[in-house]
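Modelling step: build the complete structure from the supplied sequences, incorporating the hints.
Top line first, the protein sequences correspond to chains E and S. Here numbering that gives the first Met the number 0 is used: position 118 in the first sequence is 117, and no number is missing along the way. Here numbering that gives the first Met the number 0 is used: position 286 in the second sequence is 285, and no number is missing along the way.
Be aware that a few hints might be false.
[Said to hold, decoys possible] Straight-line alpha carbon distances no greater than 25 Å define the calculated DMTMM-like cross-link-like pairs of lysine to aspartate or glutamate that follow:
(1) Lys182/S x Asp254/S
(2) Lys50/E x Glu146/S
(3) Lys280/E x Asp199/S
(4) Lys65/E x Asp134/E
(5) Lys98/E x Asp172/E
(6) Lys47/S x Glu68/S
(7) Lys101/E x Asp12/S
(8) Lys65/E x Asp215/E
(9) Lys63/S x Asp278/S
(10) Lys65/E x Asp35/E
(11) Lys47/S x Asp278/S
(12) Lys152/S x Asp49/E
(13) Lys63/S x Asp49/S
(14) Lys98/E x Asp12/S
(15) Lys118/S x Asp199/S
(16) Lys280/E x Glu110/S
(17) Lys152/S x Glu36/E
(18) Lys152/S x Asp35/E
(19) Lys65/E x Asp218/E
(20) Lys65/E x Asp254/S
(21) Lys101/E x Glu167/E
(22) Lys182/S x Glu110/S
(23) Lys101/E x Asp172/E
[Stated by the list, open to error] Going by beta-carbon spacing under 7 Å, a handful of chain S positions derived as facing chain E:
(24) Met124
(25) Ile133
(26) Lys152
(27) Ile189
(28) Met283
Keep in mind that the hints were calculated from the coordinates and are not lab data. All values reported here derive from a predicted model rather than from experimental measurement. Glycine residues also receive a C-beta, built at the ideal position from the N, C-alpha and C atoms.
What follows is each chain in one-letter form.
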Amino acid sequence: MKKYSLPNFLISAAVFLYSAACLLPFLLTLAVSFSDESSIMRNGYSFLPDKLSLYAYRLMFQGGSKVMNGYLISIAVTLAGTLGALLITGMAAYMLANKMVKYRNLFGLIFFIPMVFSAGTVPWYLINRRLGLYDNIAALIIPSLLFNPFNLFLVRNFMSGIPDSLRESATIDGAHDMTIAFRIYFPLSMPVLATVGLFYGLAYWNDWWNAIMLIDSQDMYPIQYLLLQLQSQLSMLRDLQYMAGAIGVTPPTESLKMATAVITIGPIIMLYPFLQRYYVKGLIVGSVKG
Amino acid sequence: MAAKQKRGSLLSDIARNRFSYLIALPALVYVAIFSYSAYSYMIIAFQKYDYRHSGFLAMLTRNKWVGLENFRFFFASRNALQVTRNTLYLNFLFIVVGTFVSVLLALMLNELRCARFAKSAQAVMLFPSYISWIVISYILLSLFSNEYGIVVKLMGRLGMEHVNWYTSADRWPAILVIVKTLKNSGMNSIIFLAAIAGIDTTINESARIDGASRFQIATRVTLPLIMPTVMIMTLLSVGRIMYGDFGMIYAFVGDNGTLYRTTDIIDTYLFRALRRVGDPAQAMAIGMFQSVIGFVMVCGSNAIVRRFYPEGALY
Chain E
0 MKKYSLPNFL ISAAVFLYSA ACLLPFLLTL AVSFSDESSI MRNGYSFLPD
50 KLSLYAYRLM FQGGSKVMNG YLISIAVTLA GTLGALLITG MAAYMLANKM
100 VKYRNLFGLI FFIPMVFSAG TVPWYLINRR LGLYDNIAAL IIPSLLFNPF
150 NLFLVRNFMS GIPDSLRESA TIDGAHDMTI AFRIYFPLSM PVLATVGLFY
200 GLAYWNDWWN AIMLIDSQDM YPIQYLLLQL QSQLSMLRDL QYMAGAIGVT
250 PPTESLKMAT AVITIGPIIM LYPFLQRYYV KGLIVGSVKG
Chain S
0 MAAKQKRGSL LSDIARNRFS YLIALPALVY VAIFSYSAYS YMIIAFQKYD
50 YRHSGFLAML TRNKWVGLEN FRFFFASRNA LQVTRNTLYL NFLFIVVGTF
100 VSVLLALMLN ELRCARFAKS AQAVMLFPSY ISWIVISYIL LSLFSNEYGI
150 VVKLMGRLGM EHVNWYTSAD RWPAILVIVK TLKNSGMNSI IFLAAIAGID
200 TTINESARID GASRFQIATR VTLPLIMPTV MIMTLLSVGR IMYGDFGMIY
250 AFVGDNGTLY RTTDIIDTYL FRALRRVGDP AQAMAIGMFQ SVIGFVMVCG
300 SNAIVRRFYP EGALY
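Below, the structure written as structure tokens:
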């Protein structure tokens, strides 16, 4: 088949334009975050600012800034949440995949039913409050530990593919299920655990539902929720005047807003190669089997 | 091994595989609390809720029963009609436009001859789907912000009338559809692309030998063969048609009341009833309305598809 023909060109052009539409708005945000505030005031947002400035970023990474605080909270919550969720998911998946357990399908059903019919937001909210998961760091982690049992079934399906003879020989050598799970099954399930870990990690990083529902104190806002709050210019200006007051310059309101948005994407860009490799593959496997 | 076991009760199975059950215990406790005990809280839709009586028994005995009062309150307000209509209308638009674009993308990506270009285009298309709606709302702000937005500026330069996007409710359904489609279609097209990859290549070969053009193969061979996948994905979305995208709407609109007329959905309304007004019983009534109609939608859409297009039905 010819490589250069009109249909090929048109299709490539369409795909290129679509990709550009996905990327360009983000590049604009990136450009604004590096713009000097005065050039934004003069010309509005622009892809090519007259004057570049790193002021917004410097202000953000100043010690004790709210943005820094939110960023650290998000990092801590994402790490703890992803590890905890992976552990719970992997352990339950081992039981569901263990062919020696007679009632494993019944328990699979127990995990599956809430996926189809959930009680909704209000009971979830009341339960969290009752458990004391309100206005503390645990409220950002625990309520989403098993938020999507889909991941559980993804891991179970993978573990079901591990030959039973491995378990049997380990049992003969005197190992019990706990040891077998941690020493044999988890290391062998690394690919699927990486996929599910990315699902969880991304969900925790991007989460602000827990914050909007269960957090009241400003000093516990994760970065995403802080970003939402920063949208209302007023609260933003107050903080900035306070921060910039010491230095004596006009606060870089616009560029700081965009810079905060940019650093929020930072970890996602760093993980991009892994996302492409594991996340997408997991999505395809999940959609084919699920 | 498994076949040799005697038929035993659950207890004897637990005794035999105690470490297996033990290892699943955290997850089981978790769903017991967060999913199963949650069902009992649904009764507060028929009560006047009091935060002091939050245990299940206290809820049953101490809270005042009000019958259908919470439902009546919701349906008597004109909000009920507005949020339901917005939820259905927006989701309908998302499903139609989103499915069309992602199938089209999958077909086009499949036709690309340069593997490296296809791969990098895909990597770019997936980018928005990894990003939270809040970050996207900032990107939107850089386009439409009243003072500095690049679209506003561009329209000004072209001599068009100045539009304040954040106060013109009628323009938002279009914005929401475009943004949602751009965010999710890349990811959805991957599923369709996987379906295309599953097609037996000999079918394409024989069509080509019979003289079909590439366009004919794409529309007459590939498209019908991935139709079951398309139907299943659509059906899953139709089943969730009563559930709006809270993250998107709240990140874009927030508490901007001027846009509620076209953008307020059941989920944001429920959120305000729960967190702003602080009335869990009222919110639960709205939530129950949502899940009951939602359940009917799942069964209904599946029945219709099973009748006319059995390959695409869920069950």
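Tested hints:
Under the criterion of a C-alpha separation no larger than 25 Å, the hint pairing lysine 182/S with aspartate 254/S is consistent with the structure, at around 23 Å. Between lysine 50/E and glutamate 146/S the CA atoms are separated by roughly 19 Å; this keeps the pair inside 25 Å, and the hint holds. With a C-alpha separation of about 21 Å, the suggested pairing of lysine 280/E with aspartate 199/S holds against the 25 Å cut-off. Between the alpha carbons of lysine 65/E and aspartate 134/E the distance comes to roughly 17 Å, so the proposed pair stays at or under 25 Å and holds.
A distance of roughly 18 Å separates the Cα atoms of lysine 98/E and aspartate 172/E; the hinted pair therefore holds under the 25 Å criterion. With a C-alpha separation of about 9 Å, the suggested pairing of lysine 47/S with glutamate 68/S holds against the 25 Å cut-off. In summary, the hint linking lysine 101/E to aspartate 12/S is supported, as the alpha carbons are separated by about 7 Å, within the 25 Å threshold. With a C-alpha separation of about 15 Å, the suggested pair lysine 65/E and aspartate 215/E falls inside the 25 Å cut-off, and the hint holds.
Using a Cα cut-off of 25 Å, the hinted pair lysine 63/S and aspartate 278/S holds, with the two alpha carbons roughly 14 Å apart. Between lysine 65/E and aspartate 35/E the alpha-carbon distance is near 22 Å, which keeps this suggested pair within the 25 Å criterion. Between lysine 47/S and aspartate 278/S the CA atoms are separated by roughly 9 Å; this keeps the pair inside 25 Å, and the hint holds. Between lysine 152/S and aspartate 49/E the alpha-carbon distance is near 16 Å, which keeps this suggested pair within the 25 Å criterion.
About 9 Å separates the Cα atoms of lysine 63/S and aspartate 49/S, which keeps this hinted pair within 25 Å; it holds. Restraint check for lysine 98/E and aspartate 12/S: the C-alpha separation of about 12 Å stays at or below 25 Å, so the hint holds. This hinted pair checks out: lysine 118/S and aspartate 199/S have alpha carbons roughly 22 Å apart, not beyond 25 Å. Proximity of lysine 280/E to glutamate 110/S is assessed by CA-CA distance (about 21 Å); at most 25 Å being required, the pair is judged to hold.
For the given pair, lysine 152/S sits about 17 Å from glutamate 36/E by alpha-carbon distance, which is consistent with the 25 Å threshold. Pair hint lysine 152/S plus aspartate 35/E holds up; C-alpha atoms about 18 Å apart against a cutoff of 25 Å. This hinted pair checks out: lysine 65/E and aspartate 218/E have alpha carbons roughly 8 Å apart, not beyond 25 Å. Straight-line distance between C-alpha atoms of lysine 65/E and aspartate 254/S comes to about 23 Å, which keeps the hinted pair within the 25 Å bound.
At most 25 Å may separate the alpha-carbon atoms for a hinted pair to count; lysine 101/E and glutamate 167/E meet this at roughly 16 Å. Annotation: proposed proximity of lysine 182/S to glutamate 110/S holds, straight-line Cα distance about 22 Å (limit 25 Å). A C-alpha spacing of about 22 Å is found between lysine 101/E and aspartate 172/E, which places the hinted pair at or below 25 Å, so the restraint holds. Taking 7 Å as the C-beta contact cut-off toward chain E, the hint placing methionine 124/S at the interface holds, the least distance being around 5 Å.
Annotation: isoleucine 133/S was flagged as interfacial toward chain E, and the flag holds, the nearest CB pair being 5 Å apart, inside 7 Å. About 5 Å separates the beta-carbon of lysine 152/S from the nearest beta-carbon of chain E, less than 7 Å, and the hint is met. Hint status for isoleucine 189/S relative to chain E: holds, with the closest Cβ pair at about 6 Å, below 7 Å. Taken as an interface hint, methionine 283/S checks out: its beta carbon lies about 4 Å from the nearest beta carbon of chain E, inside 7 Å.
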